[in-house]
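Q: For reference, the chains in residue letters:
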Amino acid sequence: MPEPTNEQPTGEQPAVEQPTVEQSADPKSPAAKPPAAKPRRDRSAADSAARRRALAGLRATTGGVGVLVAAAAIAAVGLLPLPSFGEPSPGLSVTPQRTALQQVCPGAILRLGDDTGQDAGTATAVDGAVVRENATVGSVDSTGLPGAASAARVITSAPAEDALLSGAQSQRLSGSDLTGFAAAGCREASSTAWLVGGSTTVGRTTLLTLSNPTGVEATVALRIWGENGAVSAPGMSGIIVPARSQRVLSLAGFAQNLASPMVEVVSRGGQIVAALQQSITRGVDPGGVDLIGDTAAPSTTQTIPGVQMPGPDTVGAQLGEDGYADLASALRLGNPGTEDATVDVAIVPEKKGAEATTQRIPVPAGTTVDVPIEEQPVGAYTVSLESDVPVVGAMRTSVFSPAANAQAAPKTDFEWSVAAPALAERSAFTAAVGDAPQLHLVNPGRTAVSATLQSAQAAKASVLEVPARGTLTVPLTSGSSYTLGDAAGLIGSVSYRGSGAVAGYVIASPGPTSSPITIRR
Amino acid sequence: MQPRVTAIVVAHNGEEHLGRTLAALSAQTRPVDRTVLVDVESGDGTAALLDAAAGSAPAAESIRATGRTFGAGARAATRTLPPAEGADEWIWLLAADTAPEPAALAALLGAVEVAPSVAIAGPKVVDRDDHALLLEYGGTMTALGTSVALVDRELDQAQFDRDDDVLGVGATGMLVRRHVWDSLEGFDAGLPSTDSGLDLSVRARLAGHRVVRVPSARVERVSPPQDFGRRRPTRVSTRRRLARRAQLHRRFAYAPGAALPIHWLALVPLALFRSIGHLLAKRPSAVGGEFAAAFAAAFAPRGVGAARGRIRRHRELGWAAVAPLRLTGMALRERRSSLRERAEETRAGEAPLVRAEFFAGGGIWTVLIAAALGAGLFWWLIGASAVQGGGLLPLSGSIGELWSNALGGWREVGVGTRGPADPFAVLLALLGSITFWSPSVAIVTLWIVALPLAALGAWWCATRMSRRAWPPAVAALLWALAPPLLVALGDGRIGAVIAHLALPWFVLALIEGRRSWSAAATAGLLLAVTAAAAPSLLPALLIAWFGWLVTHPRALHRLIAVPLPTLAVFAPLALAQLGRGTPLAIFADPGVVLHYAASSGWGLSLLEPRDGANGWEAIAAAVGLGHVYGQVLVAALLAPLAATALAALFLRGSQRAIPALVLALLGLLTAVAAGHLVLVADGADAVALWPGAGLSLFWMGLIASGAVALQSLDRLGVLAGVIVLVCSAIAVGPLGVGLALRQTPAQAGTGQTLPAAVGAQAASTPRITTLVITPLADGTASAEIVRGSGAALDRQSTWVATNPRLSADERRLATLAGNLSSRSGLDPRDQLRDLGIVYVVVPKAVDGASTEQAAVRVRITEALDGTAALTPVGAGQTRSGDALWRVPGAEPAEIPAAPSVAPAPVLTTVQLIVLGATVLLAVPTRRRRRVVSETGLPGEDPADTFAEDEDA
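So the protein sequences, as listed, match chains P and F.
Each residue of the first sequence is one higher than the last, beginning at 1 in the working numbering.
Each residue of the second sequence is one higher than the last, beginning at 1 in the working numbering.
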């Protein structure tokens, strides 16, 4: 610490108790100095010069040492790598308590109005759907969604390690106004759903069902796009779906005469299962029904597995008839973004050795495009889309058998095959009751995948080799449930095809929101 | 009849002076009739000497006595004498070092012969070397019984020769009538040295006799009577204790019986009050003696009953008879003030202090310039009610809460744990109490006046480094524009700001503490303040204190206790951290844990606490140069100061520059060490200690050395000072611009940290509990419990933050938060009710959030939306952007049981005693040193005549 030089030097200060008399004896006090100063100075002039030189030398030395120490310190601070010391506390990885597995099956086909045609504002169910469900661990509790117009069912199974729940429903209609076969898988509730399909032109009825199986009220907002761009209509946001209930909305109530609608459903609060139901009536002839589940979220690559093309013979002849334009196969592409998209479409037959058809389709921003697809030979196909901008897509195919006689109606049905999301390591699915269900597994990757398929009844799993960039089709037993293992990255769907019946649905893995999360202080 | 005089010489280890005494005794003009030589337990050759003297002289005998006091020896001697034959028999009491003048006995006898009523006569007690210096000549009492010496070390100019009658005389050289001595039973055994003569005289007066002092009789004395029987001479504090003990004994002996219980009960409270008085009068060594005397008088009274009995037996007159002889009123005040003046005069012999004047020498201008700069940088804070952001939070709303958080016990941060308080909380409580109507305003005021306060402190400190007016002004402005200070102000690091403001005052107090008790006590308090604000400075400051202590051993008694208040304040936290096994956590920065980008070692030596070359890297990048040019530019701008500081080693006055540069090195090393000590985490980032406090010390060392150099450079110093100032001001330019343009994290705020809905309810229910789940940058989340209207600065706790493991309560909270953030099967209602949570808040997304952060935020908000146990408030999104949920039906009044554990009372009492004593000692009560400003112009040295040895 610096010695302050701000004082004139004196001798030791006497303690307070000593009398002031003693100060006169202090040899260095100023009073004693002047008489002795003069002779002292003459004598010590040479001494003080020498002392000054010595002091200067001492200062130079200390200065040099000081500069060296400073340089060394700064160099050490700058160059020496010092380790960090100490470890703050890590967070706690919390694995959420397993929640009960819950899925919603959309329920029966709805018609606006009852059998007699009255009460056109209310949707009523036509008969009932046949539901099959299964849980890999424990039992499944299947309850109806109270007050749901379509008698949707909620299947629940108790939480357990590595448990998977799956379910599917199907319904065959053969009435005078509604015929056809519709199948759908039971899906988990989520907060966002993309629905590509349906139409609100004359004779085409599209109903949007929002089912809320959770105990929390859901506030839903819709966004609808059509061939002319986004649709805005009152009532598209703030749709309240109370807890454990269902709301049915007619798409025509928002957008009439929309030939190629696409819907995004976003819910806050409780989560919902959204689905579209479309029925076609051509004149007095029923044209089929379909249940459309949600498609994969917008992405630059989409894969639509298990597309059942009817072949040019059956539908081709009928296409020219009035009102039968939508019997043709069509691919609906939707671009919800703000940039125009260019989509490369590849229609790959599942049969080995057959050639794929490719097209390049531009899709303007904020619109949907229905691309007519040239009728391919009958069979199952995989449609893959590659775009520069995230898009969604679904494929419509139909079957047609002409009427047996003049009084009968032709047997026709249609199906929307939607894009499927990539599967996780393990998933479960159920093949709904229907004719000849088939499992389609698509491997979009570059390496072959060996997946295992285990039926709920079978003891052993069978190994499925899905080649790279290829497809594997496996016949399933109607009504039984299966577990897919080692299927990470694959894309799967179940399809049905019979006379006058075509339907299908995608296989989805459980959602990611139950993964562990690390919580810190 | 002829008076017969018996001389009694009582000796203990007095062979050094005994010869002179015995010779003086035998040289008396009026010889003594009989001599009794008493040896009281001597260890040296006193006994042999006395025996030889007794053998060689007629009518002299030598006896041995026990008891090691003068009174015991005298009593033993009188017991050997034959009984008194008349009223004219006298005894003359002498000690081994009291040699009477030849005419002493004659003078004494001459005074008492003609006055038969006189029972005791006392001579002048003079100094051996100077017979004109009166050591003692009579004593008296005040109205309350304090003994006062009528004469104490004054030159004898016959001014006292007039008044003969006194209340009492000292025991040295006292001439007492034998029969009075026998009837009064000699000296009181409970008064071994002090006041023994006074007490005998008072009793003699009460018995109707007179006591006189005789001007022409002189007795030499070498050592004071308290030294009798001791191996070493007594110290001042011992004498004071003995005097107090004697006074208490006399009080118990003289007081009326009814008042005795009151006196007994008042002993300790009186000791307390008197100790406070001693501390205020800067006599800390007297405190111990005060309490020792009080406890001894209370629990070990020596012969009080016997003394009272003696008085009762022989009392003829009442106390009113001696009342005129007491020293009261005007005379007492005169005497006390003359003693004070004498003490002041001895202190006035100190040399005056040569430094620049504050008002005339530029200090006021420097402070005003700094105030203008401060107002320019913080114009946006004027009128704000709180400053928030970065490391700043508002203070608790009420003084009571501030102070209860400052004591140990229930810490309300997090889930709530029991633990010691940070010393910093006491600082915040003091700060908040200044603006007791709204404590957060104190922080706003601190921010606005930070620059002028820094300049003020640095100016005063620099006046001890240099005599001229110019260097302190430069030093003050450099300190106010220090890069660590501006960075800390911008980031909201209040601990570093307070440490920066307190450092120059601490160094000033330490420098002055060599010669002043109040400065040393102030240094102790300021060390506690600085260490509480920035504990990372503690090692460096302790090393500095130790170095100062070692180089000034004469001031050991003043400087040794400087760390004591710091120890007292840190004791609870230090003990707890040691007990937990995390001793390094004592150095954790208090306040909010704030992440910063660490700078490299080069950066630290360029005064950058965090990465970015204090803003120059961004400018370099904007201009298009590589960002290393930022550091190069800062190095070039700080080079003049570094050159000046190092040049001080080569110039005159280098002995002051060396400690300053050592301090700078200590600061740099502290900064480096702090930057590598990781103790806490801010969310996902581990945070090292803030190196800015060490850099403040580094800057201080450089400036101090620079001031010394400027002082020695004379005319060149003015130019050098201007260059240094301009370059350093440019170096902090980007920081200042950032502050003025409000680009910093610290912003004016309203005092609300939670959404307004919570704040509104918290106004009526102060303990309302909110769970805050914050998404973090690496895809994790942090969960914390906040009470009342939001987090407060005084509720933060390093005890909780430095816990290396999550406590059980924190794990419970983390599990609850993790389940709430996911689709989970847990029913959180019970746990929410247990914790008393009413609201759940997810703070709004920050700009530039990473994708993981956005994804986890979506997951958390969706999961919270989907829980039936919570209902969204305000459509789940309040106006501030925070997402808010409420637990329906939660009772805000349902307070989780807060075990109100009082802090350890013993520890708190000790802390309060240490701090209270330091504060009392720090109150300045003595007159200041004389201040002289240097009159020479730069270039003109003061006259060499008296400063010949200055360069040594």
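To be clear, the hints were calculated from the coordinates, so they are not data collected in a lab.
Take the hints with a grain of salt, since some may be wrong.
Stated by the list, open to error - Short, incomplete list of chain F residues facing chain P, as computed with Cβ under 7 Å: (1) V222; (2) L242; (3) G305; (4) L538; (5) A597; (6) G601; (7) W602; (8) A777; (9) T780; (10) R805; (11) S807; (12) A808; (13) A817; (14) G818; (15) A868.
As the list claims (entries may be wrong) - Label-pair distances were calculated between CB atoms; the ranges are: (16) P:G229 / F:L741: 55 to 65 Å; (17) P:G498 / F:K844: 49 to 59 Å; (18) P:P81 / F:L575: 40 to 50 Å; (19) F:K844 / P:A221: 37 to 47 Å; (20) F:V722 / P:L80: 47 to 57 Å; (21) P:A221 / F:L575: 40 to 50 Å; (22) F:P539 / P:P81: 38 to 48 Å; (23) F:K844 / P:N257: 34 to 44 Å; (24) F:A375 / P:A221: 24 to 34 Å.
Using N, Cα and C, we set each Cβ at its ideal position, and we do this for glycine too.
Q: Now tell me, hint by hint, if it's right for this structure.
A: Each hint tested on the structure:
1. V222: With a closest approach of 15 Å, the F:V222 hint is violated.
2. L242: violated (15 Å)
3. G305: With a closest approach of 36 Å, the F:G305 hint is violated.
4. L538: Check failed: Cβ of F:L538 comes no nearer than 17 Å to chain P, outside 7 Å.
5. A597: violated (14 Å)
6. G601: Because about 4 Å separates F:G601 from the closest Cβ in chain P, which is inside the 7 Å limit, the hint holds.
7. W602: holds (4 Å)
8. A777: violated (11 Å)
9. T780: holds (4 Å)
10. R805: This hint holds: F:R805 lies near chain P, its Cβ roughly 6 Å from the closest one there, short of 7 Å.
11. S807: Since the shortest Cβ distance to chain P is 9 Å, the answer is violated.
12. A808: violated (11 Å)
13. A817: Hint holds; F:A817 Cβ to chain P Cβ min 5 Å, cut 7 Å.
14. G818: holds (2 Å)
15. A868: holds (4 Å)
16. P:G229 / F:L741: 55 to 65 Å: With a Cβ separation near 44 Å, P:G229 and F:L741 fall outside 55 to 65 Å, so the hint is violated.
17. P:G498 / F:K844: 49 to 59 Å: Hint holds: Cβ distance 55 Å, inside 49 to 59 Å.
18. P:P81 / F:L575: 40 to 50 Å: violated (35 Å)
19. F:K844 / P:A221: 37 to 47 Å: This hint is violated: roughly 21 Å between Cβ atoms.
20. F:V722 / P:L80: 47 to 57 Å: violated (36 Å)
21. P:A221 / F:L575: 40 to 50 Å: Once the Cβ atoms are compared, 59 Å apart, the range 40 to 50 Å for F:L575 and P:A221 is violated.
22. F:P539 / P:P81: 38 to 48 Å: violated (22 Å)
23. F:K844 / P:N257: 34 to 44 Å: Because 42 Å falls inside the window, the suggested range holds.
24. F:A375 / P:A221: 24 to 34 Å: violated (51 Å)
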